Structure formats: structure tokens, C-alpha cells
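2 protein chains.
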Amino acid sequence: MTDIVSVDPRTGAPVETVAQETTPEELDAACGAAAAAAAPLAGLGRAGRARLLRAMAAALEADRDTIVALADRETALGPTRLNGELTRTRYQFELFADAIEEGSYLEAVVDHAGDTPMGPRPDLRRMLLPIGPVAVFGASNFPLAFSVPGGDTVAALAAGCPVVVKAHPAHPATSQRCFAALAAGAAEAGAPEGTVAVVHGQEAGAALVRHPAIRAVGFTGSLRGGRALHDIAAGRPDPIPFYGELGSVNPLVVAPGAAAARAAEIAEGVRASFTMGAGQFCTKPGLVFVPAGEAGRAVTDALAEAVAGMPAGTLLSEGIRDGFGAGADRLAAAPGVRLLAEGTAPDGTGWNAPVRLLGADAAAVTAETAEECFGPLALVAAYTGEDDLRAALARVPGSLTATVIADDADTEFVAGIEPLLRERAGRIICNGYPTGVAVAWGMNHGGPWPAATNVLHTSVGVTSIRRFLRPMTWQNAPQGLLPDELRDTPAARVPRRVDGRLEV
Amino acid sequence: MTDIVSVDPRTGAPVETVAQETTPEELDAACGAAAAAAAPLAGLGRAGRARLLRAMAAALEADRDTIVALADRETALGPTRLNGELTRTRYQFELFADAIEEGSYLEAVVDHAGDTPMGPRPDLRRMLLPIGPVAVFGASNFPLAFSVPGGDTVAALAAGCPVVVKAHPAHPATSQRCFAALAAGAAEAGAPEGTVAVVHGQEAGAALVRHPAIRAVGFTGSLRGGRALHDIAAGRPDPIPFYGELGSVNPLVVAPGAAAARAAEIAEGVRASFTMGAGQFCTKPGLVFVPAGEAGRAVTDALAEAVAGMPAGTLLSEGIRDGFGAGADRLAAAPGVRLLAEGTAPDGTGWNAPVRLLGADAAAVTAETAEECFGPLALVAAYTGEDDLRAALARVPGSLTATVIADDADTEFVAGIEPLLRERAGRIICNGYPTGVAVAWGMNHGGPWPAATNVLHTSVGVTSIRRFLRPMTWQNAPQGLLPDELRDTPAARVPRRVDGRLEV
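Protein chains in written order, with this note's numbering: chain A, 848 to 1351; chain B, 848 to 1351.
None of these hints come from the bench; they were simulated from the model.
Fair warning: this is a prediction, and the values are worked out from it, not measured in the lab.
Each hint should be verified, as a subset may be incorrect.
If you want the footprint, here are the derived chain B segments under chain A, 3+ residues with CB under 8 Å [said to hold, decoys possible]:
id: 1; region: 970-983
id: 2; region: 1262-1273
id: 3; region: 1276-1288
id: 4; region: 1292-1306
id: 5; region: 1325-1334
A few chain A residues facing chain B, derived, Cβ under 8 Å [to be verified]:
id: 6; residue: V956
id: 7; residue: R973
id: 8; residue: L976
id: 9; residue: P1088
id: 10; residue: P1266
id: 11; residue: R1269
id: 12; residue: C1277
id: 13; residue: L1303
id: 14; residue: P1318
id: 15; residue: T1320
id: 16; residue: W1321
id: 17; residue: G1347
id: 18; residue: V1351
Note that CB positions come from ideal geometry on N, CA and C, so glycine has one too.
Bound-form chain A, shown alone (with noise of 0.2 Å):
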């Protein structure tokens, strides 16, 4: 048995033994759990499930004081910024909620049987149904946004799915104490035992993944341990979609116009951004383009003059402190690059770690300088002309977000990069700063690799949920074997494209 013990990053001291390292046997009994709810709780249907999201979303407001006070000592990221994280989290099971009852998230179809051009086609009708149960894997960063509430799970859920939490170790009596919130929502929506579980360990999340119950993955977290959950996802004898989010530089473009313009207010707002919760957001600007000369230099000098006076962060975890450390030397040492300021050296306690302002030429940005370093560090680079900043963001890593900051004299500039801003992210801003993903219809969270292990979904959004879906499809069924969705007569309508056309 191996302890897993709450520790407070503002001093580094353990304050408490939590839970024990999931045992396999206990593994192996939720996921079980997992999947013997997984008929239950599609059985309880989309309103069933919306009634099931607020009661969980209720249980956490209820424990609002305890969850913020627990999760601020296990993460010292302030009072404020979880209170607001709680809310979030709160908003989106509401989101979801709404948006299964409306049901468009379905697709449903119904092509009645008739001639095509090539033959007769019988009656088809097809909709989503749930995977199945997911594992989702807790963020150090979001201990209420991506943990074991939040962006994931609130998906899997509202798909249908049961979900099977691996807690990450920063910030277990947050997780227990949330999962006690969401258990209690459950127990009062009516929905089955094994809805929600957590365990806690490195290697029951690895047994997670490879356990034949699991049909997802949801995971937020670096690259090296995101890339060793995948390739267990895609080893597995029936491989199984692995969502992940490994790590984001963020380029932020800094236009010419723009810079000569409002060089102090852009210095404060890319600061502002990139040292946000120590900089420990995964929509951080790390690498930030300013155009060579003076105009750009103008930015980098209030940049450094703001970064030498910032205290300094504390940190979520000694591992993550300790990583931050030896990134942000790795890349100060890097070939072309320089260290242009330095915040407040830590005073010794807890997991504390200086702002780091560096800088180089956009030719010294490279795959290796433009990976992701988590913790208070930006990377300032000065272009010369469009055709270097091209060149140099042709070489950055697959992003969650592309940020330009751009006048009017610039619409011809910024119309020249988009396209490879397109490339190169999922989110391009534009005249804003990346950090704050707004829960929404519109937003997109992911990218190309490794930004996202799969390309092809959001993390934060409604339209999240469709990673935990599949279709189906009924061919020539009696009207009594279809679900109600799918019927002539519905007993609840839903958004549904009938013979080619779209009914709202």
C-alpha cells in the first residue's frame, strides 16, 4: 500500500494522508461498476441525464466553500481564480444539460425507405449513442475545470458514458472531495452505482487505460506521460480513442502597426497573460514574435522592465516546479537564445520558482525552443520582415492557440500569416490573449499534435460531447425498437435531418 498524501505547495509540507494507491482488484471493480452502469444510466435518457448534470452541478455550489478552501491549499492558486474555476465547472454541467435536451448533439437521421438513383434504399435511421465508459485523467492545473469534475467528464456524462476519474496526485483531497460531491448528485438524480469513480496511482492509470471496460480516454497533462497513455490506448488488442492534450506553445504575433502603435499596453497584456496561475495554463503565450527594430523593441524592454519586478510563483507540485526549472535553463542555454529578465528569486519555500523573460531572433526558433515550458516563461523573438516570421512559425509545434495583435495598418499582414496560423493551431485571436477558454458552442480547444493527440475534437465546448459518441443506425426496425428520437412521432422532438433536409 502506498500512501497518497495532500501536500501544500506554498510550504511543500505534507498536511495529509488521502487514500491509498488503487489496488488492481479495486480497478478492476470500477470499471466493472463502470460498466454495468453503462445500460442504467443511457437508460435514464437525455432528460434523465440533464436532471443527473444539475444535480451534480448543484452538489459542488453546495460544498463551494470546502472544495475552494481544499483545492487552494492543494494548488495555491488563490481564492479568486477557484472560485471562478468552481463556477465554471458549475456553468458547464448547466451547459450540458441544455444541450441534451435540446438534442441536436444527436445527429439524428431518418431517411425513409425510397428510390435513388442507385436502387430502392430501405428506411434508415441513425443517431449517436454513448461509447461506453471513459477514463478521464485529472489536470494539475484545473483542479475543479479538468479534474475530476470538469471539461471531460461533464462530457462523458452527458453523452451517456460513466466515467472512471485517475485523480492526478497534486491536489487528492480536492478530487475525493469533489467526487463525494458528484456520488451525492448522482445518488439524488436516481443514477446508477458506478456513474462516477475515482482511483488514485500511476500505474492503476496505466491499467485504467488498458482495461477492456474502458472504451475512451480523456487525458490533460505533458507530453511524456500523454504520449505513454497513447500508445497504450492504440496497443490494446481493440484499440480505443485517446483525447489528449500534451502541451501548447501558443504563438502570439505581435503585427508591425501595432507595436509602433501601443508598445506599453501589449508589453502589459502578454505579461498579464503568460504569468496568469505562474503561467501554468495550458493557452499560455509562450513564444511571443515582435518585429525586429524599434517598434518591436520597444515591447521586449517593457516586457523585461515588468517581468525583473514580479514576485515570485508558487507552483502546483515539487515535480512540476522542479521541471519548470530545468526547461526554462534548457532553453535560456539553447543556441541564440538569452535571458532578458528575471523576476524575484523564490525565498526558499514551498514549490516557489522567478518569472523568466528570454529572448532571440525568430531564426533561433526551433522545435526544441518552441516546445512547451509549464511555469512563468515566455519567449520574446524579433522578426524581420513577414517572410522570416513565416519560416520561423512554420517550425513551431502544433498549438491550442495562434494570438495576433494587429491595427488597422496591419489587416494585409495579418491576412498574409493567417493562413499558417491556421495550420499550426486550433484558435486564432485576434487583438486578445489566449489564456481564458470560454465555455461555448463556437470555442475550440485542441490542435494539431501535440497540442491534441486527435485533431479532429475540442476538449472545452459543447461540441466536446462528440467525442464520447457513435453512431447507429437502424435499418427497416418497427416503430417500437427505435429509440424515441428516431420515431415518426417522437414523444420529445429533436433537431433531426429527415429525407436529405435539415428540421430544427
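For this one, chain A is given, so just place chain B on it according to the hints.
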């Protein structure tokens, strides 16, 4: 250099050398041309791509007689079937042209800036973009509908993705001739060079899946070959989606009432379905459950009698003929399995094989005996009550289809097994036969592993386009930077979700 030779399966004799195996340099050039074509192909817009698809359909139609004659010489599938297949393929191009003009496949979303319970939301606009160059592996059994032209190629081109096809070695001349038609259609529609390419040879196929320019793979073929390519795709430095259809036994259940009422009719339906095209359909019902006892025996006896009188079928290639013989012998020797009937023995010319019917009790159905045997063979399994049937169905590997032949008296029986059929297959057919896959919005041609490598998608029907698209979000983008479909006043209206509401 290794010759790519066209062989006549009716004689087993080589007819002509069609091409040489594609060299690594040629492969790299084809992939490079595809990558270069991606932006201009997307740039044609939906209207331009609809024109492209219709021009390709017209070019295939204009060359119908030669294409069908070549395909018949290389596959022995017969002109009736092959003319139907060409019509099907032409219809696919035209149906996808209509679908991209309609535009709902873009899943366009407009979220205007506004307040939400989690705070202010920026302006977010989301739609699907082409994923990039796609590799398509031609199938042996559909030289026109799943080969150089066909489902995967049409879906990828409709999405806006250039296609590099690995031609199937059993019909290289047909592949080259179809490629010429597609290239002529592309030229006529003003599509870029590199929109479609064909490569030959097993090594070229593996290298294609590894090539950095390729962003997704569509494959139809054997479990062994498909698994190897799947593993290459998953093992890349940047893994890419691999959409494979690897094998399916397609269980068919004859319910007790139906068996008692119409044994002869059912036997004829099953016989026609499992021997159609010499049993070389991915949806061939290879495993037929009948009730133990008199009614089921009547079905089995009628089936055995019909099979005994059938002529030998000509298979597509020497490898398929040999694989069928070995697989059939292995199955016949499995514990509890016996030979019920065998059709006329082949006369020794060409790649012929006798039709075979095997019998067993449902208890003898295992993952091994329920593995697909590609060719004219079916195993009839007698079940003793619903529990025996359910236990056997639970051991059947994932399939594309599951069929129930039932009468009114069987309503309760069917309702009892339907949830299990949903779990095991992607399409449920009531009182019909699984061979014959309509190209329609409502089709699903996919299912749990190994029927499909990715249970989320269909490879037939309009929604198969989703495999080759990825989402992109623009945040706070000026109107001029947005694709037309996301502008406030689009030139060509498409269905969109605006501020949460679906608008057709």
C-alpha cells in the same frame, strides 16, 4: 523495379504489366504535390469542390464501358454488379456535391460576444476545415466503390483534402484507368495538380502512412494488414487518425417465430446474401443463428440443400482464394464445428473455391469461430433459448451489422436481444439482409473493433466526411479574416448555430 501485373482471376494468368512499384522518391513527390494542393483545393470553396466532384463523376461515366470491362477482367465480379458499382460511385460523388453545397457539414457556429454565468464571452466563430492530405487504401472487393474512386476518396475530396491512393494489387489496371478519369475531371474543374495521385506496392503503402504530409488514412482490408498500418499511424512522431474497416462476421439471428413460419424463404435469403459476389462483401452474414429444434433445422436443411447445388465461386486473387481455403479448413476443424454442405468443386482454372456451409451449436461460437472468413462460407449456429443466444452473441467480435429475421410473434424476443446487438455492431437490420449498403445520410458503416478501428465514424454515407475535417475557432476576428460561412452576412448561407440556436 518490380512489375505491377494485372491478373485474370478466371484463369489465374497474368494479362499485362500495368506499372512499376512506386519508388520512395516517387512517393515523396506524390505526397509533396498533395501537400502543395491542400491550400488551393480548399481555396476552390464549396461551390468549386462541388463542381470538381461532378466533373469526376462525369469523367467516370464517360469511360464506363472500358472501366467496367477492365474491372470485370481483374475481379470476375461480372458486368451487372460492376455497372451497378460504377453507378453507385457516380451517385456518391453527386450526393457529396449536394451535401457540400448545403453546407451543414461545416457545423458552423457563431457566438456573439456577450455575458455568461461564467463571465464575459468573446466573439467566437467555429467551423470545420479540411484535415490535410489523406491516404486511401483501395479495397480488393470494390474496385470502383472503395478503391481509387469510392467512399474514402469522395469524402476526403469533398472535405477539401487531396488524396493519395494506394491501389489494390488485385486490380491495378482498373485503378490506373479510374485515376485517369479522376485526374481528367480535376483538370476540367480547375483543381490543382496533386489533388489525386495513385501509388503501387506494399512498401509504398507503409511509407505513405508514415509520410509527414499525410494527415489521415482510410483503409478497407484484412485484420492483419490493417492492424499493421494502424500501428504505423499510431506510432508516428505525430500520430494520425487511421480509419480502417478490418473484418466483420455480421451475425444474423433467425427468431423462433420466423423460423417456424417461413424456413424456406429465410434459407433462400441467407444463401443469396452470404454467397453474393462469392461471399466477398464486408457485410456478408458469416454467422447465422437459428433456434435449436425443428423450426431451425428446417432453415438449416434448406440452406444445406441449396448450397450443395451451387457452382464454385471465382475469388478476387490467388491470395484471397488461398486465405479462404485455409480459413474455411481451420473453421471446419474447430471444436464442435462440422461441415454441413459444400457446393460444386472448382474445375482447377483460376482462383475458384467451393461454397461451404458449416454447422455448430451456439456454445461452439467463440471469438475464433466467429472470425470473418472472407469468401463464400457461413456458419449456422443453433441456439437453445434466449440465454444461450445472448451468451454466444456476447462472444462475437465487433461487427459492421447485426441482423434479425423476425415475425410479429417474436417482438419480445427481438426487444430482448436488441441492446446486445447495439453493443456488438454499427447497424441493426430487421427482416432484411446485410449485404447492400445504401449511400445515404442515415447509413452507418462502422462498428466496434475489428469492424472499424475507430467506432466514432462511418465509412459510407454523407456523414463519413467528418473523418477528414477538424474544427477551427476564430476569436474576435475582423469580418474580412473570416471564411464566408462565418461572416455576419455570408454570400452563401449555410445552416449555423447562432448564439446557441440552430438556424437552417
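* Asked: Under the criterion of a CB-CB separation shorter than 8 Å, is C1277 (chain A) in contact with chain B as hinted?
  -> 5 Å, holds
* Asked: For the region 1262-1273 of chain B, do three or more residues have a beta carbon lying closer than 8 Å to a beta carbon of chain A?
  -> Holds, because 5 residues of the region 1262-1273 of chain B bring their Cβ atoms closer than 8 Å to Cβ atoms of chain A.
* Asked: Has the region 970-983 of chain B got at least three residues whose CB is nearer than 8 Å to a CB belonging to chain A?
  -> The restraint on the region 970-983 of chain B holds, since 5 of its residues have a Cβ under 8 Å from chain A and three suffice.
* Asked: Are there at least three residues in the region 1292-1306 of chain B whose beta carbon sits under 8 Å from a beta carbon of chain A?
  -> holds (count 10)
* Asked: Was the hint right that L1303 (chain A) lines chain B, CB cutoff 8 Å?
  -> 5 Å, holds
* chain B contact restraint on G1347 (chain A) - CB to CB distance below 8 Å -> Hint holds; G1347 (chain A) Cβ to chain B Cβ min 6 Å, cut 8 Å.
* Interface hint outcome for P1088 (chain A) [beta carbon to chain B under 8 Å] -> Constraint on P1088 (chain A) satisfied, holds at 7 Å.
* Hint check: 8 Å Cβ-Cβ cutoff, P1266 (chain A) to chain B -> Holds: closest Cβ of chain B sits about 7 Å from P1266 (chain A), inside 8 Å.
* Asked: Holds or violated: is there a CB of chain B closer than 8 Å to the CB of R973 (chain A)?
  -> Since the shortest Cβ distance to chain B is 4 Å, the answer is holds.
* Three or more residues of the region 1276-1288 of chain B near chain A by CB distance under 8 Å? -> holds (count 8)
* **Hint validity - W1321 (chain A) Cβ closer than 8 Å to any chain B Cβ** => It holds, given that the least Cβ distance between W1321 (chain A) and chain B is near 5 Å, below 8 Å.
* Asked: Can we keep the L976 (chain A) interface hint, with Cβ of chain B closer than 8 Å?
  -> 7 Å, holds
The structure fails none of the hints (numbered hints given earlier).
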